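First to last, the protein sequences are chains D and B. FYI, the numbering for the first sequence is 232 to 523, going by the numbering used here. FYI, the numbering for the second sequence is -1 to 224, going by the numbering used here.
Incorrect hints may have been included.
[Claimed, not checked] Okay, derived cross-link-like pairs now, DSS-like style, lysine-lysine, Cα gap no bigger than 27 Å in a straight line:
#1 K216/B / K142/B
#2 K173/B / K360/D
#3 K358/D / K216/B
If you are wondering where the hints come from, they were derived from the structure by calculation, not from laboratory data. Computed from a prediction, not measured in an experiment: that's the story for all the values here.
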Amino acid sequence: MIQIDIEKTMISSQGRMVLEVGMQITSRELVALFGPSGAGKTTLLRILAGLIKPDKGRITVGSTVWFDSSGNIDLLPQKRNIGYMFQDYALFPNMTVEENIRFAHPSNNRKEVRDLIETFGLAEFAKRKPSGLSGGQKQRVALARALARKPSLMLLDEPLSALDAGMRISLQNEISKAHHLFGATTILVSHDMSEVFRLAGKVICLENGKITSTGSPEKVFSDTSISGKFQINGQIARIEKQDIINIVTVVTGHHIVVKVIALDADIENLHEGDHVLVFTKAFNPMIKVLHR
Amino acid sequence: MNSEFLETLWVTLKLAISTTAILVIIGLPFAYFLAYSKFKLKPLIEALVSMPLVLPPTVIGYYFLVAYSPKYWFGHWLGETLGIKLAFSFTGVLIASVLFGLPFMVQPLQNGLLGLSDSLREAAYTLGKSKSVTFFRILLPNIKSSVITAVALTFAHCIGEFGIVIMVGGSIPGKTKVASIAIFDEVQSMNLDIANRYAFVLFAISFVMLTIIYSVNKKHETWKMI
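The shape of chain D in the complex, shown without the other chains (with noise of 0.2 Å):
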């Protein structure tokens, strides 16, 4: 179990802000971190690697005090057995794969670097530096690293940002195999919506600094008080005005564009860029008497 309960206020582009975080993750959880870019997302992932230090507040991992401003305890990042993936995944490039593997293993242990390279299927460029790497495989490589010193908390930065749409799925499933095999508690910031609802089992919303809302992904992202057979969330991505209609598209994940009819009572409250519910009630169940 991780307790955290934080403060730190931060300049940021939109001038102050200030993280004010409580919340508690479960061992073994894969916890996603959910909010638009500036919410503070990446500085709690640093504040909990040990990265940045906040202005008050108490970290508990088990029964390990991490931080505690009351206390005067902060420790330091290499004491906190964490594996870290940056966004840009800072791999060491006068490393080849297998060494930067190997310098993250605590013991240089050959079979177990061995195994880790051939889980995420890199040995055939084991020996290539990463300049030679594509973003998938740089990821992939950064993804076993971080694995390498067996962390009891995985930190994801936007593990997938950076990737094209094929790729990310691929990469979504080397992070979901990752977090069943090895069982670390794992939070990962994203901010897209499929990403959380492929991988997460909760999602903490954070907006402003702030946890505005927390669940599984289902809860969060759906209105349960309506009782649709279908639905989808998704972000709307144009409003056209067509006669007496308007045409809402809505791309939901990275593939999938819908296009809803509305009226212009219905676009009143809708604008472009906002998370949407989809749902139709279409499919309603009908009884009918067979026998008597």
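Chain B: place on chain D using the hints.
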């Protein structure tokens, strides 16, 4: 005459090699401090380090002579307690030369470190690696071209140093007389033939050093690194 020529070249090389070696040892931690420290008085330290770039060498040489002089407390203390006399000695010139060469070593190293993404350092920390392991295994190998630039530049600059050496060391053959001073002396005495030989050697060394700098920095704009 031939032996004096070789002796002068040897003093020149000895000074340049010792200065560069000492500066590598001092310069690396110093550049690390300047690159990453959030110390409030850092601009002051950076300004002091860069002073040799703008001050005439004779000014710095003059201050060194004053500091070494037994008339003042530092020189007096050196002579009385340690029995060392630094003025007009090789060691005295070496100390002045190290201080004078500091920006040529520190600036390329500092720029090299600042050019690396912060996440490299942070990644090593999150992998449980100490600051020194991170420095020697990650940072240093990734600023190799800056290290080569710094070493070549410091060496080449030291080979050509004139003002500070003549102020602090005078021109004592076999002790503090270096090639650049010898050229001046020989021209004064109309020995153009010997002056010519010295000049050629200095020209060749500088040319080789700068070629090294440019070839290791093919991908970068070299003078930005300095």
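Structure-based check of all given hints:
Distance check on the hinted pair: K216/B and K142/B sit about 13 Å apart at the alpha-carbon level, within 27 Å; holds. Annotation: proposed proximity of K173/B to K360/D is violated, straight-line Cα distance about 49 Å (limit 27 Å). In summary, the hint linking K358/D to K216/B is supported, as the alpha carbons are separated by about 25 Å, within the 27 Å threshold.
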